[in-house]
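So the sequence shown is numbered by the numbering used here: it starts at 75 and just counts up by one.
For the record, the hints were derived by calculation from the structure and aren't laboratory data. The reader is advised that the hints may include incorrect statements.
As the list claims (entries may be wrong) - Beta-carbon label-pair distances, calculated as ranges:
hint, residue 1, residue 2, range
1, GLY164, SER129, 13 to 21 Å
2, ALA100, MET138, 26 to 34 Å
3, SER140, ALA108, 18 to 26 Å
4, GLU178, GLU136, 31 to 39 Å
5, ALA100, PRO177, 44 to 52 Å
6, ASN184, LYS92, 50 to 58 Å
7, THR193, ASN141, 37 to 45 Å
8, LEU101, SER134, 38 to 46 Å
Unchecked claim - Capping the alpha-carbon separation at 25 Å, the derived lysine-lysine pairs in PhoX-like fashion look like this:
hint, residue 1, residue 2
9, LYS92, LYS126
10, LYS167, LYS118
11, LYS144, LYS113
12, LYS126, LYS190
13, LYS165, LYS118
By construction, the Cβ of each residue, glycine as well, lies at the ideal position given by its N, Cα and C atoms.
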Amino acid sequence: SIRICVPSFQKSRSRMPKSRRSREVALTQTEKRATREHKSAFIKDVRESVDKHKSLYLFSYENMRSNKFKDVRRHFRGTAKEEPSRIFLGKNKLLQLALGRTPEEEYSDNLHHVAKRITGGCVGLLSTS
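Using the sequences and the hints, build the whole thing.
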């Protein structure tokens with residue numbers, strides 16, 4: 075008996091194996107910022123601002139353009155005599171970690187109450203005197 079094999083014209087479902095060649099490296103000048111050092115520096119900045127200023131405000135925003143943010147920052151910029159106000163925008167969990175989520179972890183008195191309210195999409199902190 076003779077068998078005749080006819081090639082199938084259907085697409086094969088198997089894929090080619092991945093190449094083991096070295097990958098191309100991007101030659102951009104920018105560095106990744108979401109490193110542990112960047113996050114710890116952000117937490118340190120928030121805590122220093124809490125120490126320097128008398129008031130801390132939690133705010134939310136929607137569809138805020140950069141020109142509007144520039145106006146807000148310019149409004150709260152301090153004079154030469156006083157410390158300039160700071161606006162912190164970032165990840166909610168990072169802001170909560172800087173303030174302290176529980177009474178045992180909180181950086182200063184009653185800051186865990188503020189940290190509980192940091193939820194939602196666009197939230198920021200304003201520290202001012």
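Checked hints:
1. GLY164 with SER129: 13 to 21 Å: About 19 Å separates the Cβ atoms of GLY164 and SER129, which means 13 to 21 Å holds.
2. ALA100 with MET138: 26 to 34 Å: At roughly 31 Å between Cβ atoms, MET138 and ALA100 fall inside 26 to 34 Å, so the hint holds.
3. SER140 with ALA108: 18 to 26 Å: holds (21 Å)
4. GLU178 with GLU136: 31 to 39 Å: Since GLU178 and GLU136 have Cβ atoms about 34 Å apart, the given range 31 to 39 Å holds.
5. ALA100 with PRO177: 44 to 52 Å: holds (45 Å)
6. ASN184 with LYS92: 50 to 58 Å: holds (54 Å)
7. THR193 with ASN141: 37 to 45 Å: violated (27 Å)
8. LEU101 with SER134: 38 to 46 Å: holds (39 Å)
9. LYS92 with LYS126: Measuring from Cα to Cα gives roughly 55 Å; hence the hint is violated.
10. LYS167 with LYS118: It holds: about 14 Å lies between the C-alpha atoms, which stays within 25 Å.
11. LYS144 with LYS113: Between LYS144 and LYS113 the Cα gap is close to 24 Å, so the pair holds against 25 Å.
12. LYS126 with LYS190: holds (22 Å)
13. LYS165 with LYS118: Given pair LYS165, LYS118 holds - Cα atoms ~15 Å apart, limit 25 Å.
Checked against the numbered hints given earlier, this structure breaks hints 7 and 9; the rest are met.
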